[in-house]
Amino acid sequence: MAEIRIENLVKQFGDFAAVRGASFTIADGEFFCLLGPSGCGKTTTLRMIAGLELPTSGTISLGGEDVTFRRARERDIAMVFQLFALYPHMNVRKNISFPLVSMGVPKAEIKRRVEEAARILRIDHLINRPVSGLSSGDRQRVALGRAIVREPKAFLMDEPLGALDAEFRHIMCGELRALHDRLKATTVFVTHDQLEAMSMADKIAVMNRGVVEQLGTPQEIYDRPASMFVADFIGSPAMNFIRFDARLAAGATRVEIDGTEIGVPELREDAAAGELVLGVRPEQVMLTTDGGLRGEVFGAEYLGTTQIVTITTAHGMVKARIPAAVRVERAEPVGLSFRADRLSLFNAATGRAIRTALYEQPVRGGRHG
Amino acid sequence: MTGLVTAHSVVDPSPLTKRIAAVVVIAYAVITLVPLLWIVMTGFKSPSDAIAYPPKIVAEPTLEGYCNLFTTRSRQAPDYMAKLPPPSGLCDRISRDRNMVIAGPSNYIPRYVNSLVIAFGSTALSVVLGTLAAYAFSRFKVPLKDDLLFFILSTRMMPPIAVAIPIYLMYRELGLSDTRLGMILLYTSVNISLAVWLLKGFMDEIPREYEEAAMVDGYTRLQAFFKVVLPQATTGIVATAIFCLIFAWNEYAFAVLLTSGTAQTAPPFIPIIIGEGGQDWPAVAAGTTLFLIPIVVFTVLLRKHLLRGITFGAVRK
Chain F
1 MAEIRIENLV KQFGDFAAVR GASFTIADGE FFCLLGPSGC GKTTTLRMIA GLELPTSGTI
61 SLGGEDVTFR RARERDIAMV FQLFALYPHM NVRKNISFPL VSMGVPKAEI KRRVEEAARI
121 LRIDHLINRP VSGLSSGDRQ RVALGRAIVR EPKAFLMDEP LGALDAEFRH IMCGELRALH
181 DRLKATTVFV THDQLEAMSM ADKIAVMNRG VVEQLGTPQE IYDRPASMFV ADFIGSPAMN
241 FIRFDARLAA GATRVEIDGT EIGVPELRED AAAGELVLGV RPEQVMLTTD GGLRGEVFGA
301 EYLGTTQIVT ITTAHGMVKA RIPAAVRVER AEPVGLSFRA DRLSLFNAAT GRAIRTALYE
361 QPVRGGRHG
Chain E
1 MTGLVTAHSV VDPSPLTKRI AAVVVIAYAV ITLVPLLWIV MTGFKSPSDA IAYPPKIVAE
61 PTLEGYCNLF TTRSRQAPDY MAKLPPPSGL CDRISRDRNM VIAGPSNYIP RYVNSLVIAF
121 GSTALSVVLG TLAAYAFSRF KVPLKDDLLF FILSTRMMPP IAVAIPIYLM YRELGLSDTR
181 LGMILLYTSV NISLAVWLLK GFMDEIPREY EEAAMVDGYT RLQAFFKVVL PQATTGIVAT
241 AIFCLIFAWN EYAFAVLLTS GTAQTAPPFI PIIIGEGGQD WPAVAAGTTL FLIPIVVFTV
301 LLRKHLLRGI TFGAVRK
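For the record, the sequence lines run as chains F and E.
With the first letter of the first sequence counted as 1, position 1 gets the number 1 in the working numbering; the numbers rise by one all the way through.
With the first letter of the second sequence counted as 1, position 2 gets the number 2 in the working numbering; the numbers rise by one all the way through.
Don't read these hints as lab results, they were simulated from the structure.
Keep in mind that a hint or two might mislead.
Under the rule of at most 20 Å between Cα atoms (straight-line distance), these lysine-lysine pairs were calculated in the PhoX-like manner [what the hints assert, rightly or not]:
(1) F/Lys94 to F/Lys107
(2) F/Lys107 to E/Lys83
(3) F/Lys153 to F/Lys184
(4) F/Lys111 to F/Lys94
(5) F/Lys94 to E/Lys227
Every beta carbon over 10 Å from chain E, so not counted as near; a handful from chain F, in silico [what the hints assert, rightly or not]:
(6) Asp15
(7) Ala85
(8) Ile110
(9) Glu115
(10) His170
(11) Met198
(12) Glu220
Pairwise CB distance ranges (calculated) [claimed, not checked]:
(13) E/Pro110 to F/Gly14: 27 to 37 Å
(14) F/Arg71 to E/Pro207: 17 to 27 Å
(15) F/Phe16 to E/Ser189: 47 to 57 Å
(16) F/Gly14 to E/Ala21: 46 to 56 Å
(17) F/Thr56 to E/Thr262: 53 to 63 Å
(18) F/Gln12 to E/Val142: 12 to 22 Å
(19) E/Val24 to F/Phe16: 50 to 60 Å
(20) F/Ser38 to E/Val142: 41 to 51 Å
(21) E/Leu153 to F/Gly39: 29 to 39 Å
(22) E/Arg208 to F/Gly14: 39 to 49 Å
(23) E/Lys304 to F/Tyr302: 34 to 44 Å
Virtual Cβ for every residue (Gly too), placed ideally from N, Cα, C.
Can you make the complete structure from the sequences, with help from the hints?
Given below as structure tokens:
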């Protein structure tokens, strides 16, 4: 097992920069998630860690060793591919033992380790079956088996759950995390699915257009988005953005939108004159009768315990997550108030978050913190 | 609606359509099979039955054609014939009935061996080179890739025989005329464009992830190619090999032009088997029948791959 350190990683494909200076460190034994929309450079980053692509510049070190230009086979990492890439002409046992054969492990040892890996993944009854007849879940397990059997320095997974149906994906999420907790192996997981990332990762790097927008624990990323992109990408429904013009000085605790004062976490830096954006998660919106910001109900989606109410305001649509028991009528006029200590502020021009007291609140350190 | 509905037949054909299709298929089979049948039958006729007019459909079978195919004979005076010891075998007896004695073996077997060596040799070479080239074109950034692929294809845009004279002169200078090596190189050069294009189609359909997985699993690219890519390209390789083999086995024009002696293949040899008083048709037919066997065996052995290869590989794209 090993720490993975990425510094100023750049990958250029002709004129197109897939990754533009990504830097982060993945601690030994960490479950690390690269999250982002398609084309953000997360898979390219993973492939560079694997050694399947060579970076244009930057360094990658694995367990303190510079492996930037090392071949994939010399890196001692295991990878699980999106479509599993099980060798179709081999049975389950041969697939799982394939990496061990290349390492020159003695036959008896291979047999023992393959059977142990199969037992951990509960596919020992399938071990002599051809891979072509397996269900996608079992294929997934074989692909994982091929990775864990090596006891490599790190696991890399490229959207391994993408090919599974929704229900099974949920089960595999839990299994993957349990497997990680058991093996304590450094794992880098690529996904575009925020729920997968949030539910499994110790740490998430949100990528967009080749750069890491934010690096943090799932809760940091959710509660303190570093940019409008992250705020918008994480959370479902996404964060509400309310645009307004103002000049704010450090120490301000309120903003004024259409003559309504709205409390925000105390600013720790000046915000120059210009368009600002107030970021409000739907669960931070409360419906009131007398609230300052007025709007009318556009519609409601019932979700069981909660409902998502969409309200039309002078600043666009605002979504609120409120208890399902509250009755709202279409076109009903409502007031909105927000949880002042949880709101985010962004500079509309740069998209970056403005530093506020929000960043000083304690958050859960990791998944188990 | 009844019947199996697959991706290829979304509409069940009506009984009339089926009947018409059956008639067409049977007619086609008859048209292609009757000449073959005629050749096989002619091989077992006597020379006079073979050229009888009106044609004899049923004739007394004899192995004379096969005997004549494998031997050369000379006519002897009756008093010489009378002094000979009793015939030692079937062919000996048949030729003595015609007042002839067997003088020695014919050139059929050496020519047949030439055909085997040249056809299988050039097929193996085409497939090996074609597989490597197709893999490279499919996986790597090759400078001028599209131009190179077009160039390879363009070698098939005119009949190869159009360059027969330059090749003839070249081969004479190089000492490749009438050599097995020369013929293997020639057929390979014709087949390689087919092999590269067919195999590139198959290679493109093998996901790169397999090799990448193998490389992450500790193998070199070459090992990944042999252990992971090749086993999956088997179907394409077999289909390509059959196409190459059929071409090289049947090729006639270059064989006539460039081979006359030691490296002569069976196709130019068979039609000129001369018997007494002209073409020995039963021997020609016998030679042709035997000549068909390797292709039939090869194709039948590999037909599963061939069918899958044709329907799933090259044609699909």
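Go ahead and decide if the range 17 to 27 Å is satisfied by the Cβ distance of F/Arg71 to E/Pro207. holds, 20 Å
Against chain E, does F/Met198 hold up as non-interface, every C-beta pair farther apart than 10 Å? holds, 27 Å
Once the closest CB in chain E is found, is it more than 10 Å from F/Asp15? Non-interface label stands for F/Asp15: nearest chain E Cβ at 15 Å, farther than 10 Å.
Verify the CB-CB distance for F/Ser38 and E/Val142 against the hinted window 41 to 51 Å. violated, 28 Å
Does the Cβ distance between F/Thr56 and E/Thr262 fall inside 53 to 63 Å? holds, 59 Å
Taking the Cβ atom of E/Pro110 and the Cβ atom of F/Gly14, is their distance within the range 27 to 37 Å? At 58 Å between Cβs, range violated.
Hint consistency between F/Lys111 and F/Lys94 [alpha-carbon to alpha-carbon, up to 20 Å]: holds, 10 Å
Measuring from beta carbon to beta carbon, are E/Leu153 and F/Gly39 in 29 to 39 Å? holds, 34 Å
Can we confirm that no CB of chain E comes within 10 Å of the CB of F/Ala85? The claim breaks: F/Ala85 does not keep its Cβ more than 10 Å from every Cβ of chain E (closest is about 4 Å).
Closest CB-CB distance from F/Ile110 to chain E, is it above 10 Å? holds, 13 Å
Sort out whether E/Lys83 lies within 20 Å of F/Lys107, counting only the CA atoms. Not satisfied, since the Cα-Cα distance of roughly 75 Å exceeds 20 Å.
Is 50 to 60 Å a correct range for the gap between the Cβ atoms of E/Val24 and F/Phe16? Since the Cβ atoms of E/Val24 and F/Phe16 sit about 54 Å apart, the hinted range of 50 to 60 Å holds.
Hint violations for this structure: numbers 2, 7, 13, 15, 20, 22 and 23, all remaining hints satisfied.
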